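Top to bottom, those sequences are chains A and B.
Numbering of the first sequence is given in the working numbering, commencing with residue 8 and proceeding in unit increments.
Numbering of the second sequence is given in the working numbering, commencing with residue 8 and proceeding in unit increments.
Don't take every hint at face value.
Where chains are identical, the list cannot tell them apart; a pair therefore holds if satisfied intra-copy or between any two copies.
[What the hints assert, rightly or not] In the DSSO-like style, the derived pairs of lysine-lysine whose C-alpha atoms are separated by at most 27 Å in a straight line are: (1) 559 with 633; (2) 265 with 378; (3) 54 with 443; (4) 336 with 265; (5) 54 with 184; (6) 322 with 518; (7) 388 with 336; (8) 265 with 388; (9) 392 with 265; (10) 559 with 388; (11) 518 with 388; (12) 443 with 559; (13) 320 with 392.
Calculated from the structure, these hints are not laboratory results.
Predicted model, so just to flag it, every value in this text is computed and none were measured.
Number of protein chains: 2
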Amino acid sequence: MKREVSPFVVSPVYAEFVEASNHETATQSESKYMRETVDFLLRDWLKIESLTSRPRFADHSHETFSAVLDTAETIANEKYAPFNRTVDVDEPHTETNADGTLRVILPRATHEAWRAYAESGMLAAAQDYELGGMQLPYVVEAAANMFFSRASISISWALLTTGNANAIMAHGTRAQKDVFAKNEFAGRWAGTMCLSEPQAGSSLSDVATRAVLDDESDPLGPRYRLFGNKMWISGGEHDVTENIVHLVLAKIPDTDGKLVPGTRGISLVIVPKVLVDERGALVERNDVVLAGLNHKLGWRGTPNTLLNFGEGKFKPLGKAGAVGYLVGKPGDGLRCMFHMMNEARIGIGLAAAMLGMAGYEASLQYAKDRKQGRPITGAGKDASKPPVALIEHADIKRMLLAQKSYCEGATALLLYCAKLVDETHTGEAATAADAKLLLEVLTPIAKSWPSENCLEANSLAIQIHGGYGYTRDFPVEQYWRDNRLNMIHEGTHGIQAMDLLGRKVVMEGGKGLTLLATTINETIQRAFHVPELATHAQSLARALQHVGAATKSAWSTGNPNEALANAVPYMQAFGHMVMAWVWLDVALCFARDPHRHPSPRLEGEGAFREGKRAACNYFFAYEVPKIEAWLAVVRSRDMTCANVSADAL
Amino acid sequence: MKREVSPFVVSPVYAEFVEASNHETATQSESKYMRETVDFLLRDWLKIESLTSRPRFADHSHETFSAVLDTAETIANEKYAPFNRTVDVDEPHTETNADGTLRVILPRATHEAWRAYAESGMLAAAQDYELGGMQLPYVVEAAANMFFSRASISISWALLTTGNANAIMAHGTRAQKDVFAKNEFAGRWAGTMCLSEPQAGSSLSDVATRAVLDDESDPLGPRYRLFGNKMWISGGEHDVTENIVHLVLAKIPDTDGKLVPGTRGISLVIVPKVLVDERGALVERNDVVLAGLNHKLGWRGTPNTLLNFGEGKFKPLGKAGAVGYLVGKPGDGLRCMFHMMNEARIGIGLAAAMLGMAGYEASLQYAKDRKQGRPITGAGKDASKPPVALIEHADIKRMLLAQKSYCEGATALLLYCAKLVDETHTGEAATAADAKLLLEVLTPIAKSWPSENCLEANSLAIQIHGGYGYTRDFPVEQYWRDNRLNMIHEGTHGIQAMDLLGRKVVMEGGKGLTLLATTINETIQRAFHVPELATHAQSLARALQHVGAATKSAWSTGNPNEALANAVPYMQAFGHMVMAWVWLDVALCFARDPHRHPSPRLEGEGAFREGKRAACNYFFAYEVPKIEAWLAVVRSRDMTCANVSADAL
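With the hints as constraints, model all of the structure from the sequences given.
Written out as structure tokens, the structure reads:
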């Protein structure tokens, strides 16, 4: 594998230094650490082999799961990791076509990565065999996708196509599945999700794109004409594939030609970039036109677009308006789109966790390689001794252990949630219902917690590198920039918090929260019996009790203004409690439980075991105390922020 | 003033939106908010007019101080703010000279900003009248510089020249002052500080640049020949001025030709880019050559260089080695350089605070302009109503109030420290000694606290902008990138923490900490008498007591390994305690104290007063509880991090 040469270095002295220093980080994707961690979590913690006893996964085994991860790792190492800086520097740009429209130019690496990913079958990994799929559990698909995200988050945009095709599979007609979803699973076409508009970011109520009925009897579904603008559309224009399938949220006007206010009036429409016939053959250009590219802080390899629908550049089928085909029923658009939301949000959490992981591995390697400073001793520092590796300093270890606890913890939580997705699809009725409920409660955490904390991990990775971390000759600054998006897209931090405290913990009379508490309590009970974990079990029990009490206090007046004024601090506290539970549960894998035989695989792995235990101890000593600090304002329904007048700010 | 047009916008629809949205943020530097805040802090809180009773400042008055701030504000608005994005995009780059050396190309705006700054007299603001200075108090100089930092941190590198010249004024010979410092104060030449080397970032013990005696009797000081490389040198090469005065840390070899290990052997040497005669006329090129530019994450407008000294490109005065003139005594280099360290570190804190302030103002304006979503009511959201401004949402207000409390609080602390600098220079003996001690204890906080918390403020400013904040069409992403440097340069976060817990709070038997505690207690006592502040006074008293106890616990075994293992969490807790004190003291300006007449100027300013009180309340409700969370590991001397083995990570 050829190492990418930094496009920035100009000095021979500096170049030599950089070459010597980041040799390992440049090839970090070949490190064993990430794979070992994923293997451990899937096998020893989540015990996913048990899924193979279910009919859908009957052909699978530990070996087939491993083979999928092997393939993902190989492609990620060869086609993604070496080009992560390339796609950041050689940002998507536009050129003008002969017809006056703009086309998006992407680096060759992006095309090749798409091809390799599609050829691996990953686009259809979870689909039925007859659709060309592998019938993989979602948890294995998610684990495999981790390797791509970690290697290059912004080359990893194929996930959007899978999500798009999954939505069509769930709600589309037979013809829509055959024509659109199948071609997406095959990698022939790509897909997008078109929700936001320039004037209405998070507020879908205010969607203004109109879908006017054109022909009810089109074989591809009721045909509409769309007019409007869509903003923040990832992969909205490119020539990586011959066609792009846009899934668009639009409103169908009522008989007076007016749009229904709110989200009830929203419908879901398939709008292909190029119109196709019933066999999927390309026919003519649709009126979906690139209006501009967003120039982002990070995540630059993924083209992010503003699209105009039906502005008049083309007259598809001889008439004005972009041609689209309704999916599901009119007005049912949000439900159809949100069907995929849990998985989409787990995907964001995964992206955040993997950016964190990439930064952790890079800074770990740097800390081992770079010699600087001397340890403190009672007698002061002895400057005549040679400098030691950075990793010998306590504060560097603190920053490494913090990253490890955030990123491995997040990875564990996300794989746990991914397994819950499998339970909802293939578990027995009662298990499936519980899994669905638990997933509802955990999804805002799975999305928000890694977005916030693995971003902080990336900042620590920069800090460990010192000044070098602040340069573009080392990979960590890019991870930090890339990761900043995750608190924004797929529902901002604030929206996740409202979802958690305003909906998820109170729905069905608090049934979801109760189920989570029961699940956490099971872990606490087991840990109470393990001498070295009993104190942590106590801390977690206290945290659980305090989060429960704060939930009650928040809602005690029944006034949503008061309850939700501090939804974000609530979510931060809740997230840390969940992560403490995850770490305690993971640590139990290594516990010397007199009532339980530890897995033979986990015996004797000294450093591996020490690392997990240290990360768990770190989380309880350094992080769990923050829960109380966040809950203070929730408990007291503090209205300092909610009540301050705009003029006073 | 012409508004800078974004170089990124390509779509007319988008361009219109951006134009409409960031009109105000683009001209944010003209907002009154920052000036009002600085005026209030200087006049009503710090009461700096009292300084005019001192002989050195006898010519000054409220009016002359205001005139300086007016000038700074005007130049910053006209010559800095409009080009902050320009210097980020049009990054410094190199071209090759006829003689094979590299020159650095900077945008025209950088040249013009330098000229305007120099012509305003700011470079010599605090100097004696006879040196062409204004004999301004340092606190006024610092306040004036805030406007430049806020307008464009990376155009604001003239501060380095002032710092350099100040060091020469403090330790140089008459000739060195006349030739080098004077030309720097006049803006004819620029200055740098050359400490770090590629192999030894923070570890000055390992400086390897050699200074070999050449001629003891040079009129510009003992002449040495320098050989070595210096890394991270801001302003190390450019043609903004006709010459550059490098202040270089180097080691003079002993009689065996060996360098003394440790920092004791370090000397301070003036190395001009172009050699000059005793009248300051340029003579010939010195052997200081640009080896390369660092390509940074942010702060891109300031060229940051790797310099080679004496590598043989030139033979100044006919011999090998860069020519330099010793400042002070051999081996006294660190002391001479660190003489300026408190002010340099206050400068970093100011940079961080002003980047925070710029982001706060931009996001405040955006939150007022941007309509999105609807408020929560008991009856749910009414989608038929028009969307409200973002600032109507509680969580947006929370993010604004957090920024306000961080950035105004940091500004207040830094001005407080700047006034301490004046006390050390012009106060009566006892006051000066106390001020010096207090400044020693507060400096690590003044540097680290804004670096960490105003960076977080910038992240919140992005969050308020949503997706737009993640694009380069809005200013906030740049502030965040720029601000990330401040935890790294002038002593990393970890180094500040070791300085605080390892040196400052224990020096002279804890005298500095005792003095700080006494100072904080005075505020607590006053606040106890003010009904609306009594609870905060209690919280602060508790925090002070806990920080004191944690300091004792940390050192209770006398083992520095144990004491310092958690120096960073200690510094975080300590910093929050200091900031709580600052806010309580600021709030006292507005207090309805039955024993005290509030300033008439503070009467009736409803919104201004409400804002300060809300920020203070925010800090006590949301931030102060974190102190306990950080102290937990300090108190218990937790060794989880210090003891983990490198293999386990």
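Checked hints:
{"no.": "1", "hint": "559 with 633", "verdict": "both (20 Å within a copy, 22 Å between copies)"}
{"no.": "2", "hint": "265 with 378", "verdict": "between (68 Å within a copy, 21 Å between copies)"}
{"no.": "3", "hint": "54 with 443", "verdict": "within (19 Å within a copy, 62 Å between copies)"}
{"no.": "4", "hint": "336 with 265", "verdict": "within (19 Å within a copy, 84 Å between copies)"}
{"no.": "5", "hint": "54 with 184", "verdict": "neither (33 Å within a copy, 74 Å between copies)"}
{"no.": "6", "hint": "322 with 518", "verdict": "neither (52 Å within a copy, 81 Å between copies)"}
{"no.": "7", "hint": "388 with 336", "verdict": "between (73 Å within a copy, 24 Å between copies)"}
{"no.": "8", "hint": "265 with 388", "verdict": "between (76 Å within a copy, 20 Å between copies)"}
{"no.": "9", "hint": "392 with 265", "verdict": "between (79 Å within a copy, 15 Å between copies)"}
{"no.": "10", "hint": "559 with 388", "verdict": "between (54 Å within a copy, 23 Å between copies)"}
{"no.": "11", "hint": "518 with 388", "verdict": "between (58 Å within a copy, 24 Å between copies)"}
{"no.": "12", "hint": "443 with 559", "verdict": "within (23 Å within a copy, 51 Å between copies)"}
{"no.": "13", "hint": "320 with 392", "verdict": "neither (72 Å within a copy, 34 Å between copies)"}
This entry does not satisfy hints 5, 6 and 13, going by the numbered hints stated previously.
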